[in-house]
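J.: Put together the whole structure using the sequences plus the hints.
Chains A and B, in that order, give the protein sequences. When you line the first sequence up against this note's numbering, it's residues 1 to 292, in that order. When you line the second sequence up against this note's numbering, it's residues 1 to 625, in that order.
Please keep in mind that the hints were generated in silico from the structure rather than gathered at the bench. This one's a predicted model, so the numbers in the text were calculated from it and none came from an experiment. There's no promise every hint is true.
[What the hints assert, rightly or not] With a straight-line cut-off of 25 Å between C-alpha atoms, the simulated DSS-like cross-links for lysine-lysine are:
#1 A:277 x B:292
#2 B:115 x A:212
#3 A:212 x B:37
#4 B:537 x B:564
#5 B:567 x B:187
#6 A:195 x B:37
#7 B:156 x A:209
#8 B:384 x A:281
#9 B:202 x A:215
#10 B:500 x B:52
#11 B:186 x B:145
#12 B:289 x A:35
#13 B:453 x B:55
#14 B:311 x A:35
#15 A:165 x A:195
#16 B:186 x B:456
#17 A:209 x B:37
#18 B:81 x B:342
#19 B:334 x B:78
#20 B:384 x B:453
#21 B:156 x A:195
#22 B:130 x A:209
#23 B:554 x B:202
#24 A:209 x B:3
#25 A:141 x A:238
#26 B:130 x A:212
#27 B:115 x A:215
#28 B:289 x A:277
#29 B:3 x A:154
#30 B:460 x B:55
#31 B:130 x A:215
#32 B:552 x B:308
#33 A:212 x B:3
Okay, here's what each chain looks like letter by letter:
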Amino acid sequence: MSELNVAVIIKLEPDFSEGSVSYNPDGTLNRAETKNTLGPHSTIAAHAAFYAKVMYNARISIGTMGPPIAESALQMAQRLSDAEELHLYSDRIFAGADTLATAEVLKTGIEKMQGKMDIVFSGHRASDGETGQTGPQTAWKLGFTFLGNVIDYKIDIQNRTITAKRLVRLQGFSDVVEEIEAPLPVFISIDPSYKPLFNTISQRLAFGKFQKEAKIRAENYKQYLKVFNVQQLGVDPKYVGLPGSPTIVYKVERIPRGKATRQAEVLDGSNPEHIRKAVSKMKEALAAMVIK
Amino acid sequence: MEKYDVAIIGGGSAGLAALKQLSNLRKQAILVEAGNKIGSKNVSGGILYSKKSKKGHVHNVEDVYGDVFLREAPLERKITKYILHSTSKDKVYSIDLTAAHDYESNFGYSVLMNKLNAWFADQAAESAQKFGGGIISGVHVSEIKFDEQRNTSIVKTDELEEFEVKAIIAADGVNSEIAQISDARKKFLPSQLYQGVKVVVKIPEDVINERFSLKSREGVAHLFAGDVSLNHIGGGFVYTNLDTLSVGAVYHFDSLLENPVEPYTLVDAMLKNPMICEFIKDDVPSRRKIDKNLPQEEQLRIRFAITKLIKSWNELRESYFSKGKRDERVKSGKYQSVEEIKEKLDSIREQLTQKYGVIFVTDYVEAEYSAKLIPDGKRCRMSKPYHRNILFVGDAAGRGIFVGPRIEGINVGIDDAVRAANSISRAIDKNNFSSDYLGEYYSSSVEESPYTKDMKQIDKDYLKIFLDASKDVPKDIISARYSTVLKLMSSDTIRSVAIKFANILGYERLLPMVESEDTYVKVPIEIAERLGKTVSKTYEPTIPSIAERIAKLKFNDDSNPHIKVLKPQSEFMKKLVTLCPTKCYSLENDNVILQHEGCIECGTCSQETDWKHTRGEKGIVYQYG
Ligand SMILES: Cc1cc2nc3c(=O)[nH]c(=O)nc-3n(C[C@H](O)[C@H](O)[C@H](O)COP(=O)(O)OP(=O)(O)OC[C@H]3O[C@@H](n4cnc5c(N)ncnc54)[C@H](O)[C@@H]3O)c2cc1C
Ligand code: SF4
Numbered sequence: 001m002s003e004l005n006v007a008v009i010i011k012l013e014p015d016f017s018e019g020s021v022s023y024n025p026d027g028t029l030n031r032a033e034t035k036n037t038l039g040p041h042s043t044i045a046a047h048a049a050f051y052a053k054v055m056y057n058a059r060i061s062i063g064t065m066g067p068p069i070a071e072s073a074l075q076m077a078q079r080l081s082d083a084e085e086l087h088l089y090s091d092r093i094f095a096g097a098d099t100l101a102t103a104e105v106l107k108t109g110i111e112k113m114q115g116k117m118d119i120v121f122s123g124h125r126a127s128d129g130e131t132g133q134t135g136p137q138t139a140w141k142l143g144f145t146f147l148g149n150v151i152d153y154k155i156d157i158q159n160r161t162i163t164a165k166r167l168v169r170l171q172g173f174s175d176v177v178e179e180i181e182a183p184l185p186v187f188i189s190i191d192p193s194y195k196p197l198f199n200t201i202s203q204r205l206a207f208g209k210f211q212k213e214a215k216i217r218a219e220n221y222k223q224y225l226k227v228f229n230v231q232q233l234g235v236d237p238k239y240v241g242l243p244g245s246p247t248i249v250y251k252v253e254r255i256p257r258g259k260a261t262r263q264a265e266v267l268d269g270s271n272p273e274h275i276r277k278a279v280s281k282m283k284e285a286l287a288a289m290v291i292k
Numbered sequence: 001m002e003k004y005d006v007a008i009i010g011g012g013s014a015g016l017a018a019l020k021q022l023s024n025l026r027k028q029a030i031l032v033e034a035g036n037k038i039g040s041k042n043v044s045g046g047i048l049y050s051k052k053s054k055k056g057h058v059h060n061v062e063d064v065y066g067d068v069f070l071r072e073a074p075l076e077r078k079i080t081k082y083i084l085h086s087t088s089k090d091k092v093y094s095i096d097l098t099a100a101h102d103y104e105s106n107f108g109y110s111v112l113m114n115k116l117n118a119w120f121a122d123q124a125a126e127s128a129q130k131f132g133g134g135i136i137s138g139v140h141v142s143e144i145k146f147d148e149q150r151n152t153s154i155v156k157t158d159e160l161e162e163f164e165v166k167a168i169i170a171a172d173g174v175n176s177e178i179a180q181i182s183d184a185r186k187k188f189l190p191s192q193l194y195q196g197v198k199v200v201v202k203i204p205e206d207v208i209n210e211r212f213s214l215k216s217r218e219g220v221a222h223l224f225a226g227d228v229s230l231n232h233i234g235g236g237f238v239y240t241n242l243d244t245l246s247v248g249a250v251y252h253f254d255s256l257l258e259n260p261v262e263p264y265t266l267v268d269a270m271l272k273n274p275m276i277c278e279f280i281k282d283d284v285p286s287r288r289k290i291d292k293n294l295p296q297e298e299q300l301r302i303r304f305a306i307t308k309l310i311k312s313w314n315e316l317r318e319s320y321f322s323k324g325k326r327d328e329r330v331k332s333g334k335y336q337s338v339e340e341i342k343e344k345l346d347s348i349r350e351q352l353t354q355k356y357g358v359i360f361v362t363d364y365v366e367a368e369y370s371a372k373l374i375p376d377g378k379r380c381r382m383s384k385p386y387h388r389n390i391l392f393v394g395d396a397a398g399r400g401i402f403v404g405p406r407i408e409g410i411n412v413g414i415d416d417a418v419r420a421a422n423s424i425s426r427a428i429d430k431n432n433f434s435s436d437y438l439g440e441y442y443s444s445s446v447e448e449s450p451y452t453k454d455m456k457q458i459d460k461d462y463l464k465i466f467l468d469a470s471k472d473v474p475k476d477i478i479s480a481r482y483s484t485v486l487k488l489m490s491s492d493t494i495r496s497v498a499i500k501f502a503n504i505l506g507y508e509r510l511l512p513m514v515e516s517e518d519t520y521v522k523v524p525i526e527i528a529e530r531l532g533k534t535v536s537k538t539y540e541p542t543i544p545s546i547a548e549r550i551a552k553l554k555f556n557d558d559s560n561p562h563i564k565v566l567k568p569q570s571e572f573m574k575k576l577v578t579l580c581p582t583k584c585y586s587l588e589n590d591n592v593i594l595q596h597e598g599c600i601e602c603g604t605c606s607q608e609t610d611w612k613h614t615r616g617e618k619g620i621v622y623q624y625g
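T.: Structure below.
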């Protein structure tokens with residue numbers, strides 16, 4: 001039995017990397033053509049959960065709400081976190097959910113996961129038009145302490161407390177790292193700059209061992225997957241999907257781009273004349289710089 | 001502080017064998033390797049031998065890894081032919097030395113260290129895990145402190161918290177930092193070392209089979225002496241791998257210092273030899289200049305399209321010319337039949353020629369350039385390869401065999417590793433890590449190894465094979481220096497006596513006579529000129545410049561230099577401007593300056609520098625090795 005239960009909520013998102021993303025002629029995202037992948041912030045959340053696996057031998061569960069293809073995101077997150085339980089909340093009724101309705105589904109799902117959760121991780125936000133509210137709202141619904149922008153954490157298993165470092169960005173001032181202690185359970189929204197560090201031999205060994213286990217598990221991910229529709233999840237349809245969403249996004253506007261003040265020039269690397277030009281430009285730029 | 005029984009430093013073939021053997025003996029060990037991926041820092045020629053020696057028992061690779069080794073390890077080809085060529089310009093005289101290759105040997109496989117060490121690592125890590133050990137890569141050991149009271153060592157690294165162990169196996173290669181940190185031995189001298197430089201050439205599997213008249217998975221080793229050496233002591237080799245060739249040049253460091261040439265010119269001399277030209281040639285797409293009058297975007301589009309098509313063509317061709325890969329493509333359903341692959345291949349080729357003006361020429365394709373020092377065990381093996389509770393194995397202990405054209409380092413390191421692991425296991429059982437119980441025991445075990453005997457004495461039966469093979473060479477070619485020796489050696493009865501006498505003299509006195517310019521340069525050239533067949537080349541290979549070669553290598557750049565020049569004006573360092581294989585040194589105002597970014601950690605400059613490997617994960621990342 002593990003002494004620490006950890007859940008991660010993740011999201012399948014359009015892959016904005018080169019070669020995967022496709023746009024409509026009007027500049028909006030072509031969802032049908034664009035490949036999907038585990039969102040970058042979800043990836044960081046999965047890394048943060050894996051840290052708990054390596055350091056505290058935590059039991060990891062992952063949940064997501066989405067269409068059936070979202071199971072690929074669960075598989076990817078399992079590959080990163082060595083999860084033992086994958087939840088997909090998938091029902092037509094869930095469609096059109098705003099952050100609050102999504103939080104309702106996730107909260108119910110998390111409560112259905114094996115064991116009582118000690119920590120729930122979410123990404124900082126989704127990269128395809130979400131406002132970073134799903135996390136806090138899920139935390140609120142679960143009744144967990146919410147810790148945002150976490151960049152590092154340690155657990156005291158015996159006393160069931162967590163010490164976390166939060167990156168607080170103060171506009172106009174330098175960033176501040178705030179260290180806080182809280183009793184478990186907590187809900188952590190992980191900062192995009194989070195990087196797990198494994199400093200001892202035993203941590204590195206555990207890292208290698210669980211990474212291997214994760215690879216094998218992810219190859220057989222269906223074995224760990226449970227899919228829930230509205231009834232199976234047992235949520236009240238009033239609180240999910242469109243009916244449960246008090247906010248409706250009715251229009252997304254592109255912010256007009258400012259006119260570029262810089263002028264780009266394409267140089268050909270195989271042309272020595274061009275190279276000379278580039279070098280002289282660099283020299284010019286460097287000469288104008290004052291190095292203190 | 002965390003505590004473990006054993007630390008193994010260095011994840012080359014020797015260190016990995018030590019880990020596997022300790023796990024076979026149910027002992028806990030941690031292997032620490034600087035490279036990010038196991039295998040990424042290792043270079044060999046190379047042929048991996050398994051031996052059956054008359055002089056005693058050796059521990060072979062298959063003894064360590066079990067039957068699975070021959071079934072599953074990524075071995076390239078089983079070497080079944082071994083041929084020595086004397087060269088002079090377009091003349092080549094060849095002697096079949098397969099008997100010398102087969103001497104006391106179970107098998108010899110051509111291997112590429114990157115793949116092979118990764119496989120060894122998988123096997124060793126899985127076993128080690130069962131006993132609380134394993135492999136940690138991307139970590140560079142920087143210091144070792146001996147705790148007199150506890151009789152243990154504390155290992156410090158650049159990346160992790162320090163940890164304590166009862167014993168250490170130093171398997172950190174020819175440029176061992178552990179040997180320096182612990183004061184176990186001095187740095188090897190140029191007179192004790194060879195410099196090896198190698199390129200990997202790509203050629204489809206079936207083309208290799210046909211060109212070298214080989215059955216599937218069979219291989220050949222071609223050795224070269226004569227004018228390809230550019231007057232240096234040493235020689236070159238071409239080994240067939242599955243779908244690549246290893247073309248290398250190995251020269252005595254002293255002879256390079258005496259007559260400095262850029263190391264790559266020695267490989268280039270090999271590549272330009274007419275026989276080797278014909279070995280390496282292939283059908284190579286050559287781009288034509290894109291019309292500069294086209295709009296920039298269009299030029300870019302065309303460049304990308306050509307790159308993509310050439311890549312597809314190369315990949316598909318590689319599969320088409322390999323029975324295994326061909327069948328795989330059809331089996332996977334990607335193609336209906338082999339004919340369909342051929343059709344697709346032709347259609348890509350046509351698109352390239354018709355639409356993009358690409359022409360196909362006879363040339364060769366170089367995949368990787370590499371270099372490394374090699375210790376000559378005859379001259380530099382540690383007489384007692386231990387210091388306190390640290391046991392040295394493989395290249396780190398200066399243990400490599402150079403007899404005639406044969407280089408043996410991998411198998412020797414594996415034998416050492418088993419002996420070290422066995423000695424440590426015994427020490428763990430008795431909880432006695434004293435020098436007497438551990439170090440001396442290991443040292444005498446190594447002394448008993450047949451490999452050590454090969455590093456100390458001439459094996460008369462092995463020598464006879466050479467003499468028999470070269471009996472057609474007219475005696476008058478061989479200079480006066482050898483004629484009496486030869487006379488003595490040719491008679492079976494006198495040979496024994498002569499060799500006994502020679503062995504009394506010892507290698508130190510004999511080597512300058514045998515390993516001389518006469519042996520490696522003058523005699524082979526004369527043989528080639530008088531007896532050789534003319535081989536003509538059908539094309540001139542386009543040899544990449546050193547800048548192009550470096551650009552092709554993968555580095556994980558480190559802003560911190562890992563080498564410090566100590567004597568910027570010394571004669572040695574000035575020669576390094578020529579002898580560094582990747583031109584890291586230059587001369588400015590009579591001072592030698594280092595630009596460490598292109599360093600491939602060969603160790604050639606280590607003699608007069610403060611030399612360390614890069615920090616964990618940094619530096620060169622070889623793809624073949
Ligand atoms: C061109 C050439 C041709 C050769 N041909 C043959 C041949 O045909 N047959 C044959 O048997 N042998 C051949 N050899 C020799 C053979 O390749 C070597 O003897 C063998 O690879 C050495 O293995 P090793 O494990 O002792 O050292 P290495 O393979 O050098 O491994 C040492 C490892 O230690 C790591 N390391 C070093 N310092 C540290 C540190 N401080 N902390 C952590 N890690 C560290 C390095 O990253 C490296 O991975 C050839 C060598 C060359 C260069
Ligand atoms: S700098 Fe030294 S170690 Fe690096 S490649 Fe050059 S000679 Fe080799």
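J.: For each hint, tell me whether it holds in the structure or not.
T.: Here is what the structure says about each hint:
Taking the CA atoms of residue 277 of chain A and residue 292 of chain B, the gap is near 18 Å; set against the 25 Å cutoff, the hint holds. Straight-line distance between C-alpha atoms of residue 115 of chain B and residue 212 of chain A comes to about 19 Å, which keeps the hinted pair within the 25 Å bound. Simply put, residue 212 of chain A and residue 37 of chain B have alpha-carbon atoms about 15 Å apart, close enough for the 25 Å limit, and the pair holds. With a CA separation close to 45 Å, the supplied pair residue 537 of chain B and residue 564 of chain B exceeds the 25 Å bound.
Distance hint between residue 567 of chain B and residue 187 of chain B is fulfilled; the C-alpha atoms sit about 16 Å from each other, no more than 25 Å. Among the hinted pairs, residue 195 of chain A with residue 37 of chain B is consistent with the structure: their alpha-carbon atoms are about 20 Å apart, no more than 25 Å. As the CA atoms of residue 156 of chain B and residue 209 of chain A are separated by approximately 23 Å, the hinted pair is consistent with the 25 Å bound. Among the hinted pairs, residue 384 of chain B with residue 281 of chain A is inconsistent with the structure: their alpha-carbon atoms are about 61 Å apart, more than 25 Å.
Under the criterion of a C-alpha separation no larger than 25 Å, the hint pairing residue 202 of chain B with residue 215 of chain A is inconsistent with the structure, at around 32 Å. For the suggested pair residue 500 of chain B and residue 52 of chain B, the alpha carbons sit about 23 Å apart, so the restraint of at most 25 Å is met. Restraint check for residue 186 of chain B and residue 145 of chain B: the C-alpha separation of about 19 Å stays at or below 25 Å, so the hint holds. Taking the CA atoms of residue 289 of chain B and residue 35 of chain A, the gap is about 35 Å. The hint is violated against a cut of 25 Å.
Annotation: proposed proximity of residue 453 of chain B to residue 55 of chain B holds, straight-line Cα distance about 8 Å (limit 25 Å). Proposed proximity of residue 311 of chain B and residue 35 of chain A is supported: the alpha carbons are some 23 Å apart, at most 25 Å. Of the pairs offered as hints, the one joining residue 165 of chain A and residue 195 of chain A holds, with about 12 Å between alpha carbons and a cut-off of 25 Å not exceeded. Distance check on the hinted pair: residue 186 of chain B and residue 456 of chain B sit about 20 Å apart at the alpha-carbon level, within 25 Å; holds.
Taking the CA atoms of residue 209 of chain A and residue 37 of chain B, the gap is near 16 Å; set against the 25 Å cutoff, the hint holds. Between residue 81 of chain B and residue 342 of chain B the alpha-carbon distance is near 32 Å, which puts this suggested pair outside the 25 Å criterion. Distance hint between residue 334 of chain B and residue 78 of chain B is unfulfilled; the C-alpha atoms sit about 31 Å from each other, more than 25 Å. The hinted pair formed by residue 384 of chain B and residue 453 of chain B meets the criterion: a straight-line CA distance of about 15 Å does not exceed 25 Å.
Restraint check for residue 156 of chain B and residue 195 of chain A: satisfied, since their Cα atoms lie roughly 23 Å apart, inside the 25 Å limit. A hinted pair counts as satisfied when its Cα atoms are at most 25 Å apart, and residue 130 of chain B with residue 209 of chain A qualifies at roughly 11 Å. As the CA atoms of residue 554 of chain B and residue 202 of chain B are separated by approximately 18 Å, the hinted pair is consistent with the 25 Å bound. This hinted pair checks out: residue 209 of chain A and residue 3 of chain B have alpha carbons roughly 19 Å apart, not beyond 25 Å.
Only pairs whose Cα atoms come within 25 Å are accepted, and residue 141 of chain A paired with residue 238 of chain A is accepted, the gap being roughly 16 Å. Using a Cα cut-off of 25 Å, the hinted pair residue 130 of chain B and residue 212 of chain A holds, with the two alpha carbons roughly 14 Å apart. Between residue 115 of chain B and residue 215 of chain A, the direct Cα distance comes to roughly 20 Å. Compliance with the 25 Å bound is thereby established for this hinted pair. For the given pair, residue 289 of chain B sits about 21 Å from residue 277 of chain A by alpha-carbon distance, which is consistent with the 25 Å threshold.
Straight-line distance between C-alpha atoms of residue 3 of chain B and residue 154 of chain A comes to about 23 Å, which keeps the hinted pair within the 25 Å bound. Restraint check: the Cα-Cα separation between residue 460 of chain B and residue 55 of chain B comes to about 12 Å, which is no more than 25 Å; the hinted pair holds. For the given pair, residue 130 of chain B sits about 19 Å from residue 215 of chain A by alpha-carbon distance, which is consistent with the 25 Å threshold. Note on residue 552 of chain B and residue 308 of chain B: the hinted pairing holds, with a Cα-Cα distance of about 18 Å set against a maximum of 25 Å.
Between residue 212 of chain A and residue 3 of chain B the alpha-carbon distance is near 24 Å, which keeps this suggested pair within the 25 Å criterion.
In this structure, the hints that do not hold are numbers 4, 8, 9, 12, 18, 19, in rising order.
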